[in-house]
Structure formats: structure tokens, C-alpha cells
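*Asks:* Sequence:
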Amino acid sequence: MMKRMQSVDLDLLYRRVETEILKREATPAMRLLNEILHMQDGFDDKGWLKDCKKLMIDTFPREDTFSILVPPGFDIDKHETHIQPSIEADDVLLRVNFVREVDELLKEVRLGQSEAQNAGLDPESVATRLRQQEKQRTIHQVEALLDLAVNLTW
Numbered sequence: 006m007m008k009r010m011q012s013v014d015l016d017l018l019y020r021r022v023e024t025e026i027l028k029r030e031a032t033p034a035m036r037l038l039n040e041i042l043h044m045q046d047g048f049d050d051k052g053w054l055k056d057c058k059k060l061m062i063d064t065f066p067r068e069d070t071f072s073i074l075v076p077p078g079f080d081i082d083k084h085e086t087h088i089q090p091s092i093e094a095d096d097v098l099l100r101v102n103f104v105r106e107v108d109e110l111l112k113e114v115r116l117g118q119s120e121a122q123n124a125g126l127d128p129e130s131v132a133t134r135l136r137q138q139e140k141q142r143t144i145h146q147v148e149a150l151l152d153l154a155v156n157l158t159w
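Remember, the numbering used here sits 5 above the position in the sequence shown when you count from 1.
Errors might be hidden in some of the hints.
Stated by the list, open to error - Simulated pairs of lysine-lysine, DSS-like, Cα-Cα distance not exceeding 30 Å:
#1 Lys58 x Lys28
#2 Lys112 x Lys58
#3 Lys55 x Lys28
#4 Lys28 x Lys51
#5 Lys59 x Lys28
#6 Lys28 x Lys140
#7 Lys112 x Lys140
#8 Lys140 x Lys55
#9 Lys51 x Lys112
#10 Lys112 x Lys28
#11 Lys112 x Lys59
#12 Lys112 x Lys55
#13 Lys51 x Lys140
#14 Lys59 x Lys140
#15 Lys140 x Lys58
No wet-lab data here; the hints were simulated from the structure. Note that the coordinates shown come from a computational prediction; the quantities given were computed from them, not determined experimentally.
Construct all of the structure, not just a fragment, from the sequences and the given hints.
*Replies:* See below:
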């Protein structure tokens with residue numbers, strides 16, 4: 006019994022380490038998607054989408070012409086020299102890149118998804134249907150996030 010518990014503990018530890026490694030290797034878009042999906046409590050979809058919008062506004066740089074060409078905090082009344090465009094960090098996530106990556110992920114998931122074929126009431130069929138429903142729920146959440154990102158306004 007003790008060896009089995011140690012084995013389960015080691016397995017859980019291994020999964021946690023593997024998850025952390027995968028998170029670090031993920032693109033900025035996938036890290037943001039992961040963070041957003043973990044914000045969902047499963048009850049308040051409208052509140053969750055409102056929080057998602059705030060996070061997206063804070064994460065994505067503004068896309069208007071003035072914001073792209075002029076550094077943050079620029080005061081036109083006090084400016085006396087040439088404007089030096091700020092060099093963006095490599096990990097800046099543009100909204101268009103987020104939309105593109107999440108859309109590609111959704112396409113891959115939809116292609117790989119198969120409907121639960123067993124209509125029986127045996128435990129395995131029920132478990133398969135429940136997993137399928139959870140996948141569908143997550144897909145709908147990601148579709149809502151994609152729509153929010155596409156239509157985001159500052």
C-alpha cells in the first residue's frame with residue numbers, strides 16, 4: 006500500500022513538472038489562453054468574459070496609429086526633439102497573433118474530435134460522453150474568447 010501511494014505521488018509530481026515545462030515552452034498566445042481558461046470558475050460566464058476583456062486590453066498593445074508610432078507617456082506639448090520609436094520586447098503579444106494561433110488550435114481540435122458513438126449506459130460510455138461534453142464546453146469557451154479578441158476595442 007505504501008509503495009502504491011509513493012508511486013501515485015511520484016506520478017503526480019512528474020505530471021506537474023511536465024506541465025511546467027510545457028508552459029515555459031508555449032508561445033505567448035498559448036500562455037495567455039491557458040491563463041484565461043484557468044480564470045473560469047464554471048459559473049459566471051459574463052463576469053469571466055468581462056475579466057478576459059480587461060486582461061486582453063492590458064496584454065495587447067493598442068492598435069491605433071498614434072499608439073503604434075509614439076512611445077507610451079509621450080506628451081506632444083513638452084516634446085522638443087525627434088521621436089525615437091520604442092523597440093518592442095520579443096515577447097509582446099499582438100492581438101492578431103493571438104487570434105491566428107487560437108483559431109489554428111480550434112481547427113486542429115475540431116478535426117481531431119469525434120462524437121461519442123456509444124449510446125449505452127455502461128460506466129465507460131457515460132464517462133466518454135461526459136469527457137466529450139467537457140471538451141465541447143471548453144471549445145465553446147475558446148470560441149467566445151476568439152470572438153472577444155477579434156471584436157476587442159480599447
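*Asks:* A separate judgement is required for each hint: does it hold in the structure or not?
*Replies:* Comparing the hints with the structure gives:
Straight-line distance between C-alpha atoms of Lys58 and Lys28 comes to about 22 Å, which keeps the hinted pair within the 30 Å bound. Proposed proximity of Lys112 and Lys58 is supported: the alpha carbons are some 23 Å apart, at most 30 Å. Taking the CA atoms of Lys55 and Lys28, the gap is about 25 Å. The hint holds against a cut of 30 Å. Distance hint between Lys28 and Lys51 is fulfilled; the C-alpha atoms sit about 27 Å from each other, no more than 30 Å.
With a CA separation close to 22 Å, the supplied pair Lys59 and Lys28 stays within the 30 Å bound. A distance of roughly 20 Å separates the Cα atoms of Lys28 and Lys140; the hinted pair therefore holds under the 30 Å criterion. In summary, the hint linking Lys112 to Lys140 is supported, as the alpha carbons are separated by about 14 Å, within the 30 Å threshold. The straight-line distance between the Cα atoms of Lys140 and Lys55 is roughly 22 Å, inside the 30 Å bound, and the hint therefore holds.
Under the criterion of a C-alpha separation no larger than 30 Å, the hint pairing Lys51 with Lys112 is consistent with the structure, at around 25 Å. Straight-line distance between C-alpha atoms of Lys112 and Lys28 comes to about 21 Å, which keeps the hinted pair within the 30 Å bound. Distance check on the hinted pair: Lys112 and Lys59 sit about 26 Å apart at the alpha-carbon level, within 30 Å; holds. Proximity of Lys112 to Lys55 is assessed by CA-CA distance (about 25 Å); at most 30 Å being required, the pair is judged to hold.
Proximity of Lys51 to Lys140 is assessed by CA-CA distance (about 20 Å); at most 30 Å being required, the pair is judged to hold. Between Lys59 and Lys140 the CA atoms are separated by roughly 25 Å; this keeps the pair inside 30 Å, and the hint holds. Our distance criterion of 30 Å between C-alpha atoms is met by Lys140 and Lys58, whose separation comes to about 23 Å.
Violation of the numbered hints given earlier is absent; every hint is satisfied by the structure.
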